[in-house]
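2 protein chains.
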Amino acid sequence: MIRDLIKKNHSYRRFDSSVKIEPSAIEKWIELARFSPSARNLQPLKFAFSTDESINKLILPHLGWAGYLKDWSGPEEGERPVAYIAVLQDKSLTENVHCDDGIAVQSILLGAVEDGFGGCIIGTVNKSKVAKIFKLPGTLEILWIIALGKPLEKVVIETTTGNEIKYWRDKEDVHHVPKRPLDELIFKKV
Amino acid sequence: MIRDLIKKNHSYRRFDSSVKIEPSAIEKWIELARFSPSARNLQPLKFAFSTDESINKLILPHLGWAGYLKDWSGPEEGERPVAYIAVLQDKSLTENVHCDDGIAVQSILLGAVEDGFGGCIIGTVNKSKVAKIFKLPGTLEILWIIALGKPLEKVVIETTTGNEIKYWRDKEDVHHVPKRPLDELIFKKV
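Protein chains in written order, with numbering that gives the first Met the number 0: chain C, 0 to 189; chain G, 0 to 189.
Among the clues, some could well be false.
As the list claims (entries may be wrong) - With a straight-line Cα cutoff of 20 Å, these simulated EDC-like cross-link-like pairs (lysine to aspartate or glutamate) come out: (1) C:K134 with G:E183; (2) C:K165 with G:D51; (3) G:K19 with G:D51; (4) G:K188 with C:D3; (5) G:K188 with C:E152; (6) C:K188 with G:E140.
To be verified - Here chain C is said to cover these stretches of chain G; the calculated rule only asks that three of the stretch's residues, wherever they fall, bring their Cβ under 8 Å from a Cβ of chain C: (7) 68-82; (8) 149-157.
Stated by the list, open to error - Some chain C residues well away from chain G (every beta-carbon gap over 12 Å; in silico): (9) E26; (10) L59; (11) G73; (12) R79; (13) E94; (14) G122; (15) K149; (16) K153; (17) I156; (18) K165; (19) D169; (20) E171; (21) R179.
Because the hints were derived from the structure by calculation, they are not lab data.
Ideal Cβ positions, reconstructed from N, Cα and C, are used throughout, including at glycine.
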């Protein structure tokens, strides 16, 4: 059931670093993006990825983690992602990816979750630094970094109260994510 | 397997109009978007939908279909969508939905495909006309229209030759979609 898989696909930020991800698994998940819809079928996204521990160490300091958790600066040693995928816009093909990037990241993450992994889409990225690490040409711009690994945290969906959408962690270190109720999302049905 | 579902989720543009979609099914699919990741968990998307034939008739003329098929102006009577979902940006919440819209449409379409339906994300929309039909306030802007129904066409994935990404229909009315090979999408693996 797609519902179960989508509900399991939380933004995971802490992982069991001892569980590695094979490059072939990443390629399989990127292939899911390949099969997904693309505006005008242009397919302007490209991907770079790392499963190499020494490269991952270089990438980590250039990522911003969980803006709402003010006293947590990111995953500690042993809980860090074991792979990163950079979702890239090929500017030689287009200046506008429309919603292709969201479609692609959702496909990739659903593939990862089905295989027992999980991840987080990171938008706070020092793009020029990470571009250098991947030796990207000027035509390829980083849109998102997906951090991946074997999730080591419990995430629970809550329902928002008022307009309070900030996620939080409780004393047992469980991560709570308030989601707006369905009635609030559906403006009109005719 | 998510791979099978993603591979089955083509952009379908012709449907069996005699097979209706219940509003409860649409709500179930929108709920999949609700459970999906959202940048900063802001959840700025809203949705309006129609399963009403008379409303659908008003919406149809304001949509552009399959730009590469120059001698096909859209689905004929009997093959038209039986439902439309308008994916909306709540501008009172944010000016930037990041990639939330792509994530949401992919979740919705995968839900539809699993239930035996399918659809097409339409970006060529006379937004002011469709906004009037749904009586949207100025704070809600249409990002995408998803046309939905029981698919009545065969879609086949091909591999691109060179940079030729235009889809086409053959003599048997089969719709062919060339996808760039995986090697071309993966710029770098380390």
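query: Tell me, which hint numbers fail for this structure?
result: 2, 4, 5, 7, 8, 9, 14, 17, 18, 21
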